[in-house]
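Student: This is what each chain is made of:
There are 4 protein chains.
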Amino acid sequence: MKEFDFELEMKVRDYECDIQGIVNNANYQHYLEHCRHRFLNTAQLDFAGLHNEGIDAVVIRAELDYKFPLRPNDDFLVRLKMGRQGRLRMIFDQEIVRKEDEKLIVKACITGVLTKNGRPVSPDILMEKFNRIGIEFPEV
Amino acid sequence: MKEFDFELEMKVRDYECDIQGIVNNANYQHYLEHCRHRFLNTAQLDFAGLHNEGIDAVVIRAELDYKFPLRPNDDFLVRLKMGRQGRLRMIFDQEIVRKEDEKLIVKACITGVLTKNGRPVSPDILMEKFNRIGIEFPEV
Amino acid sequence: MKEFDFELEMKVRDYECDIQGIVNNANYQHYLEHCRHRFLNTAQLDFAGLHNEGIDAVVIRAELDYKFPLRPNDDFLVRLKMGRQGRLRMIFDQEIVRKEDEKLIVKACITGVLTKNGRPVSPDILMEKFNRIGIEFPEV
Amino acid sequence: MKEFDFELEMKVRDYECDIQGIVNNANYQHYLEHCRHRFLNTAQLDFAGLHNEGIDAVVIRAELDYKFPLRPNDDFLVRLKMGRQGRLRMIFDQEIVRKEDEKLIVKACITGVLTKNGRPVSPDILMEKFNRIGIEFPEV
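Chains as they are written, first to last, in numbering that gives the first Met the number 0: chain A, 0 to 139; chain B, 0 to 139; chain C, 0 to 139; chain D, 0 to 139.
Next up, chain A with everything else stripped away, as it sits in the complex (with noise of 0.2 Å):
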């Protein structure tokens, strides 16, 4: 079974539901990303903080899977398992499971890199950071 670094707890808005009456497609990537944010927190980073120094974390690919609809209301859980490819690239396998059953919402793979002032940099400054509370990054 696979095992997440990070797990979040959120609730459905009714604004980020639209006509149809069910979550809007690019909200979860809002879900998805807000996870990983907090994830960030965990280790004493932050986003914000991090932009300020220079440094910036950039999506650069999304792949979401969307399995089922979120809808007002819904209670549900954003979950990460973060790893490395090659020397760059950090890749977040990411789920979205409605919380009173589980039920599989979206799975997503996001792709990030960092950069400092605009050029990519090795992610080893986070990396040690989350090593030091005790989270390793599996290569994939």
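Keep in mind that the hints were calculated from the coordinates and are not lab data. There may be inaccurate statements among the hints.
Note: identical chains are not told apart, hence a pair may lie in one copy or across any two.
With a cut-off of at most 27 Å between alpha-carbon atoms, the simulated DSS-like pairs for lysine-lysine come out as follows [said to hold, decoys possible]: (1) Lys102 x Lys80; (2) Lys10 x Lys98; (3) Lys80 x Lys115; (4) Lys80 x Lys106; (5) Lys98 x Lys66; (6) Lys102 x Lys128; (7) Lys115 x Lys66.
Since the structure of chain A is already known, use the hints to place chains B, C and D on it.
Tutor: Leaving out everything else, chains B, C and D in the frame of chain A:
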């Protein structure tokens, strides 16, 4: 050279940009969706009208390659080419380019299906409307 | 001292912040709306469910005083007190405060009405549900 | 008759509509903001550029009267007239009307101030740029 079925010009709005000063990743999905929905309009179809008849266009998979970010006030073009896959799937090849220099911003492949009262149906009802205005959808 | 009928704790998400590094003005309306809708839930009511019965809660006026901005990761509280005005109007006195120090962020007064199949109706149908759980709405 | 300083044509995007099938209240603030920022552009000013110089335009109060909802694909016009109040305040009288019949959708009064490195400054630096292109701001 790939030929597109539809092209829409848009402009970045400041509120679509985040702390990094660039368009937030989720908003590109909004741009791509808006382009698909406007494409429906060219065949006298519309997303809200279809929904009221019980017909929903649903995205089941999205692949997005983020090549270069859009910035405040950038003018850009969103393009699509539509194809079919098997009996049920509609495939939208999409790209976003910066208007001034055709710089590639996002390349996307969106897979959708039609549902009627919640059950998958053939997209023929849409296809026929497009055929009437001279647009054909190749098997991909 | 003003006593509130309902309070909701929330946290700023990075994508809600704009180029200035603070929460975009429009998002405070989202926070205030989410609080009102969650308040409905406490009386076994919900916005989407009401809509499906032809009953829509509609905002007709919003006054917002922006006192101080929220920043990434800030925890905050959204509060509301509900009253009536005349035969048709519901008045929501709302405020957003930063959690750590009760710093006032936004003060808002939102006026809403109920419509049934598009025509204004008395909010009594909502009020009764709240009365049952011990919440009364003073004339304001 | 009131004369406006600026008018911007826009079109409703489906994702801006919520469960009720109409544009979500918060999005009108986005429309109004986009109109104000585009107005800045007419005087060779821009929101992001100002921010990079340490100058931020900040909304301190918004009053919005929601008269009639916009629906999917509606074309609409956003207008503004700018005035001054006292030494520091800029007042934006704004309205949104449906294009086809000038039906009033939203009437708004937005109060803003300029800050430089976080402290309020006179809006004269903006005003001068507008004066150069023949736009004057009356005391209101």
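Student: State for each hint whether it applies.
Tutor: Hint by hint, here is what the structure shows:
1. Lys102 x Lys80: Result: close within a single copy only, 18 Å intra versus 33 Å inter.
2. Lys10 x Lys98: This pair counts as both: shortest intra-copy Cα distance 9 Å, inter-copy 20 Å.
3. Lys80 x Lys115: Classified as within; 24 Å inside a copy, 36 Å across copies.
4. Lys80 x Lys106: both (12 Å within a copy, 25 Å between copies)
5. Lys98 x Lys66: Classified as within: same-chain Cα gap 15 Å, cross-chain 35 Å, threshold 27 Å.
6. Lys102 x Lys128: Close neither inside one copy (33 Å) nor across copies (32 Å); limit 27 Å.
7. Lys115 x Lys66: Answer is between; shortest inter-copy Cα gap is 17 Å, intra-copy 36 Å.
Checked against the numbered hints above, the structure breaks only hint 6 and satisfies the rest.
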